[in-house]
Amino acid sequence: MTLIRRIGIQGFRRLKDVDLEMRPMMALIGANGVGKTSFMDALSLLSASARGSLSQHLSDLGGFASVTTRGSAGGIALRTEIDILGEWQLKYSLKVSPEGIGYSISHEKLAEANPPSTLNYIDSQGGKVSYHESVLNELSQSDWQYDPRESALSQMPTKLPRPVIFKYILETATKYHALDVSQRAPIKLPQQLRPTTLPGQNGEDLAPFLYNLRETDYDRFEAVEDALKAAFSGFESLSFPPVAAGMIAMTWKDKSFRNPLYMHELSEGTLRFLWLASLLQSPNLPAIAMIDEPEVSLHPELLSLLVDLMREASLRSHIVVATHSDRLVRFLEPREVVVMDINEEGAATMTWGDELELDDWLTEYSLDEVWQMGIMGGRS
Numbered sequence: 012m013t014l015i016r017r018i019g020i021q022g023f024r025r026l027k028d029v030d031l032e033m034r035p036m037m038a039l040i041g042a043n044g045v046g047k048t049s050f051m052d053a054l055s056l057l058s059a060s061a062r063g064s065l066s067q068h069l070s071d072l073g074g075f076a077s078v079t080t081r082g083s084a085g086g087i088a089l090r091t092e093i094d095i096l097g098e099w100q101l102k103y104s105l106k107v108s109p110e111g112i113g114y115s116i117s118h119e120k121l122a123e124a125n126p127p128s129t130l131n132y133i134d135s136q137g138g139k140v141s142y143h144e145s146v147l148n149e150l151s152q153s154d155w156q157y158d159p160r161e162s163a164l165s166q167m168p169t170k171l172p173r174p175v176i177f178k179y180i181l182e183t184a185t186k187y188h189a190l191d192v193s194q195r196a197p198i199k200l201p202q203q204l205r206p207t208t209l210p211g212q213n214g215e216d217l218a219p220f221l222y223n224l225r226e227t228d229y230d231r232f233e234a235v236e237d238a239l240k241a242a243f244s245g246f247e248s249l250s251f252p253p254v255a256a257g258m259i260a261m262t263w264k265d266k267s268f269r270n271p272l273y274m275h276e277l278s279e280g281t282l283r284f285l286w287l288a289s290l291l292q293s294p295n296l297p298a299i300a301m302i303d304e305p306e307v308s309l310h311p312e313l314l315s316l317l318v319d320l321m322r323e324a325s326l327r328s329h330i331v332v333a334t335h336s337d338r339l340v341r342f343l344e345p346r347e348v349v350v351m352d353i354n355e356e357g358a359a360t361m362t363w364g365d366e367l368e369l370d371d372w373l374t375e376y377s378l379d380e381v382w383q384m385g386i387m388g389g390r391s
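Residues in the sequence shown are numbered consecutively from 12, following our numbering.
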């Protein structure tokens, strides 16, 4: 598994200066407004910079000025270290600085961090970009049409495998919000049968994804159905009847009913668990999958199963979850929990649960009870 070792964030909302070890399973806990969503948004911004959509993503977040730490004139700095396939480690840093009513990329660097090698792939200062290309062993000045509002990483014309893999890891990071289950939500409607490797951020590709999974990776499809059988005692199977040219529906066979149920007939919690189970079983799960409040609409008894699914998925990807659910925390280990608080300066702090002195407390109380009592912080 590719491992993202650390993430550094400076000047992004309440994340004034954060330097955090990344682990495969990360559950962010804390009161409202401590920066859980901001942490995910910062990761999403880093991903957008790798895709070449930094400008659009900043606009979607309300503009550069709205996401910088209040009172800070230094802009936003993002850093990460990624261990690729256990063989090489690369370090990347990006600084976005205020310029007029907008921004500029004032610094960017991608380099190997495998001593004695310190090979630089990108070194950009003030918009002057130097990069390492396959035919040379030294940095060259950029000679392509360079968009100064987007990262050099997203524009670098190289076929060198290490920066290409690094870029792919960052650009696939995806944030998943609470699923839309309104009356005309995509997950409730017939969907186009087409090749797809993920169920979609709003379940818009759930039916074709599971259909393709059944045809190409039956073991994983069976794992989804097994999770549904464990969660819902009446569940038997999923089917995919055609409804029009190139369109399929998805039906749910239940022991309690003679006829199968269509998606629009299922409860909100059932739809959300089906979507989450499908996402977490995807063989093409993003390198970083961020899930905001996965517990929404789920019966408390389903949370243990959900944690098991997230743990299994974390063997293949980084699973980052933000939650307010005491019950979800009950099924987690301290090494899987990041406690977020606000310090005296109003900035966010992030501490791994196993770095707190909790062992004596956990001999008598569960982790969620320790959290409820305020012993580990993250309550106000």
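Bear in mind the hints are in silico, worked out from the structure with no lab data behind them.
Hints should not be assumed to be uniformly reliable.
Each computed DSS-like pair below joins lysine-lysine, with the alpha-carbon atoms no more than 30 angstroms apart [said to hold, decoys possible]:
(1) K102 - K120
(2) K106 - K186
(3) K266 - K240
(4) K139 - K240
(5) K170 - K102
(6) K106 - K139
(7) K102 - K139
(8) K240 - K102
(9) K186 - K170
(10) K139 - K170
(11) K264 - K240
(12) K170 - K106
(13) K120 - K139
(14) K106 - K120
(15) K186 - K266
(16) K170 - K120
Label pairs and their in silico Cβ distance ranges [to be verified]:
(17) G97 - R341: 16 to 22 angstroms
(18) T227 - E32: 31 to 37 angstroms
(19) N295 - G44: 32 to 38 angstroms
Every value quoted in this text rests on a predicted model; they were computed, and no experiment measured them.
Ideal Cβ placement from N, Cα and C applies to all residues, glycine included.
Against the structure, the hints:
1. K102 - K120: Roughly 8 angstroms between the alpha carbons, so the hint for K102 and K120 holds.
2. K106 - K186: Within the cut-off at roughly 22 angstroms; holds.
3. K266 - K240: holds, 11 angstroms
4. K139 - K240: violated, 57 angstroms
5. K170 - K102: Holds, at about 18 angstroms.
6. K106 - K139: holds, 14 angstroms
7. K102 - K139: Judged against 30 angstroms, a Cα distance of about 19 angstroms means the pair holds.
8. K240 - K102: violated, 43 angstroms
9. K186 - K170: Judged against 30 angstroms, a Cα distance of about 28 angstroms means the pair holds.
10. K139 - K170: Status holds; Cα separation ~21 angstroms.
11. K264 - K240: holds, 11 angstroms
12. K170 - K106: holds, 25 angstroms
13. K120 - K139: holds, 12 angstroms
14. K106 - K120: holds, 9 angstroms
15. K186 - K266: violated, 35 angstroms
16. K170 - K120: OK: K170 and K120 at ~18 angstroms, within 30 angstroms.
17. G97 - R341: 16 to 22 angstroms: Since G97 and R341 have Cβ atoms about 33 angstroms apart, the given range 16 to 22 angstroms is violated.
18. T227 - E32: 31 to 37 angstroms: Roughly 36 angstroms apart at Cβ, these two residues keep to the hinted range, so it holds.
19. N295 - G44: 32 to 38 angstroms: Holds, at about 34 angstroms.
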